[in-house]
Amino acid sequence: MSKYYVNKFLFTVDRDPQYLKRYAEDPRSFVATWEQSIGPKLNDAETSRVHTFTQAEREALINHDYVALFEMGAHFFLNLTIFIGIYDEPYMAKDGPLAFQKEFARKLQHWKGRDYPSVET
Amino acid sequence: MAELVATLASTHHPFYLKATTMPAEQQMPQAPEWKRKIEAYRETLARTRPDILVMVGSDHFHQIFLDNCPQFLIGKSEAYDATFYNEEREFGIPKFLLKGDPDMSGFMHRHLMDQNFDFAFSNDLKIDHSIICPIITVRPTNDLPVVPIYTNIFAPPLQSPQRFYDLGRAIRKAIDDYPSDKRIAAIGTGHLSLELGGPRQFMETGPDPEFDRQAIEWLRQGDIDAILHNVTHQSMAGSGNATHGFLNFILMLGVAGPEVADYVDNLDLFHTMEAYFTWYPKEQAA
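Residue numbers (our numbering), protein chains in the order written: chain A, 1264 to 1384; chain B, 16 to 301.
Incorrect hints may have been included.
Claimed, not checked - With a straight-line Cα cutoff of 20 Å, these simulated EDC-like cross-link-like pairs (lysine to aspartate or glutamate) come out: (1) B:K33 - A:D1351; (2) B:K110 - A:D1279; (3) A:K1375 - B:E225; (4) A:K1304 - B:D82; (5) A:K1266 - B:D82; (6) B:K33 - A:E1352; (7) A:K1284 - B:E219; (8) A:K1365 - B:D82; (9) A:K1365 - B:E219.
Claimed, not checked - Short derived list, chain B residues pointing at chain A, Cβ under 10 Å: (10) H75; (11) H77; (12) D82; (13) G121; (14) F122; (15) N167; (16) Q174; (17) G212; (18) G213; (19) Q216; (20) Q249; (21) G253; (22) A276; (23) Y278; (24) F285.
Unchecked claim - Chain A residues, not near chain B, derived (Cβ > 12 Å throughout): (25) E1288; (26) A1308; (27) R1312; (28) Q1318; (29) A1337; (30) K1365; (31) A1368.
Everything labelled a hint here was simulated from the structure, so no lab data went into it. Ideal placement from N, C-alpha and C gives every residue a C-beta, glycine not left out.
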């Protein structure tokens, strides 16, 4: 498991409008590309391949499965903002302000009153 | 020596600008009251006629990430760009360019190192909404140089509440010792109880209204002993997974000193309690 690498995915994609668009439109293809050529980048000249996703992490990212990502200990802020970036507008158009954020909370209700999975990396 | 003229500590709400500037018929019902409260709070700074703003905030994984994550960081530049693409996208916050004060940043950095705070520093810091929100609310003219200080309230392990308070005391001492005739205001933002990306987010109130009420009372009284006795990393997590932003309030109380606040206001908004505090100096830091 690499919480760090999952967070790196969320971080690098949320901050880049082109990556975000590709992740929204074709997540399976984009996650594969990310693993091949975006995730390993340290800077324009250097790469590192010490981190990899588990199959469960890869599937959670492909499925936009923010519940699974929460349960793996992905950072709550990154896990929220990237999916707001993808789903806020369509949900708002259909069901009004904060519709996506409230559904996100509803799907995590089974964690209420419990210690959440640690986001420490 | 420089003079600390005010210490401000408040919540930062990234939707303030959008919520109060959209067409009136689309605004939330609390928007006019929110705007009135912010503009009244703004006056508590304006009347002190500051020359430099020492600003305490926390990057939200905009510039700083887990590959290289400082607990405390100071910006040292002539100027700072502000607002990242994903903040424009999500909150509608515009780009800003802030003036810096490299001389005071350099003095502050060395002084804090001498007081055993091993600060990271950046000569290329881009500011995020933790510092832009208070520019928008309390100094929208954006006419003053800033000394930005970032704390880690986000990526555990975090420093203790005591350490945050002690850092506030150290920042106060550095301001008091700064060899300049400038008038300094210290402005910091954080959160009361807050949940983001969890089951208690975006409810009708903040996730822990009892904590919010208690925290406002502690800050109003300047009761650092009660805060340090009651607030732990675990208690904050129990009040909401992003409640650790309260650490910045503790830091700002350290800047002000354990004094009764001169100005206190709050506003119960959907999903958060907003709170606004100002202290005017009554003592020199020890």
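Checked hints:
1. As the CA atoms of K33 (chain B) and D1351 (chain A) are separated by approximately 16 Å, the hinted pair is consistent with the 20 Å bound.
2. Taken as a hint, the K110 (chain B) and D1279 (chain A) pair is honoured in the structure, with Cα atoms around 16 Å apart against an allowance of 20 Å.
3. For the hint pairing K1375 (chain A) with E225 (chain B), the CA-to-CA distance comes to about 17 Å; that is within 20 Å, so the pair holds.
4. Pair hint K1304 (chain A) plus D82 (chain B) holds up; C-alpha atoms about 12 Å apart against a cutoff of 20 Å.
5. For the suggested pair K1266 (chain A) and D82 (chain B), the alpha carbons sit about 12 Å apart, so the restraint of at most 20 Å is met.
6. Distance check on the hinted pair: K33 (chain B) and E1352 (chain A) sit about 15 Å apart at the alpha-carbon level, within 20 Å; holds.
7. Only pairs whose Cα atoms come within 20 Å are accepted, and K1284 (chain A) paired with E219 (chain B) is rejected, the gap being roughly 32 Å.
8. With a CA separation close to 31 Å, the supplied pair K1365 (chain A) and D82 (chain B) exceeds the 20 Å bound.
9. Taking the CA atoms of K1365 (chain A) and E219 (chain B), the gap is about 11 Å. The hint holds against a cut of 20 Å.
10. The interface hint given for H75 (chain B) is met, as the beta carbon of that residue sits about 6 Å from the closest beta carbon of chain A, less than 10 Å.
11. For H77 (chain B), the interface hint holds, since its Cβ comes within 10 Å of a Cβ in chain A; the closest pair sits about 7 Å apart.
12. With a least beta-carbon distance of about 8 Å to chain A, the hint placing D82 (chain B) at the interface is held under the 10 Å criterion.
13. Below 10 Å, beta-carbon pairs count as interface contacts, and G121 (chain B) has none with chain A, the closest being about 27 Å; its hint is therefore violated.
14. Using the Cβ-Cβ criterion of 10 Å, the hint placing F122 (chain B) at the interface with chain A is not satisfied: the shortest such distance is roughly 32 Å.
15. Hint on N167 (chain B) is violated. Least Cβ distance to chain A is approximately 12 Å, over the 10 Å limit.
16. For Q174 (chain B), the suggested interface contact is broken, since its CB lies about 14 Å from the closest CB of chain A, more than 10 Å.
17. For G212 (chain B), the suggested interface contact is upheld, since its CB lies about 3 Å from the closest CB of chain A, less than 10 Å.
18. Among the interface hints, the one on G213 (chain B) holds; its C-beta lies about 6 Å from the nearest C-beta in chain A, closer than the 10 Å criterion.
19. Hint status for Q216 (chain B) relative to chain A: holds, with the closest Cβ pair at about 5 Å, below 10 Å.
20. Restraint check, Q249 (chain B) versus chain A: the minimum CB separation of about 9 Å is within 10 Å; hint holds.
21. The restraint placing G253 (chain B) at the interface with chain A holds, with a minimum CB-CB distance near 9 Å, inside the 10 Å limit.
22. With a cut of 10 Å, the hint placing A276 (chain B) at the interface with chain A is violated, because the nearest CB-to-CB distance is about 29 Å.
23. Given hint, Y278 (chain B) at the interface with chain A, is violated; its Cβ is 30 Å from that chain's nearest Cβ, farther than 10 Å.
24. Annotation: F285 (chain B) was flagged as interfacial toward chain A, and the flag holds, the nearest CB pair being 8 Å apart, inside 10 Å.
25. With 12 Å as the threshold on Cβ separation, the claim that E1288 (chain A) sits away from chain B holds: the shortest Cβ distance comes to roughly 16 Å.
26. Every beta carbon of chain B lies more than 12 Å from that of A1308 (chain A), the smallest distance being close to 16 Å; the non-interface claim holds.
27. No beta-carbon of chain B comes within 12 Å of the beta-carbon of R1312 (chain A); the shortest separation is about 15 Å.
28. Annotated as non-interface, Q1318 (chain A) keeps its C-beta farther than 12 Å from every C-beta of chain B; the closest such distance is 22 Å.
29. The Cβ of A1337 (chain A) sits about 9 Å from the closest Cβ of chain B, inside the 12 Å cut-off, so the non-interface label is violated.
30. Distance check for K1365 (chain A) against chain B: the nearest CB is about 6 Å away, which does not clear 12 Å, and the non-interface claim fails.
31. A1368 (chain A), annotated as away from the interface, has a beta carbon of chain B within 12 Å; the closest lies near 5 Å.
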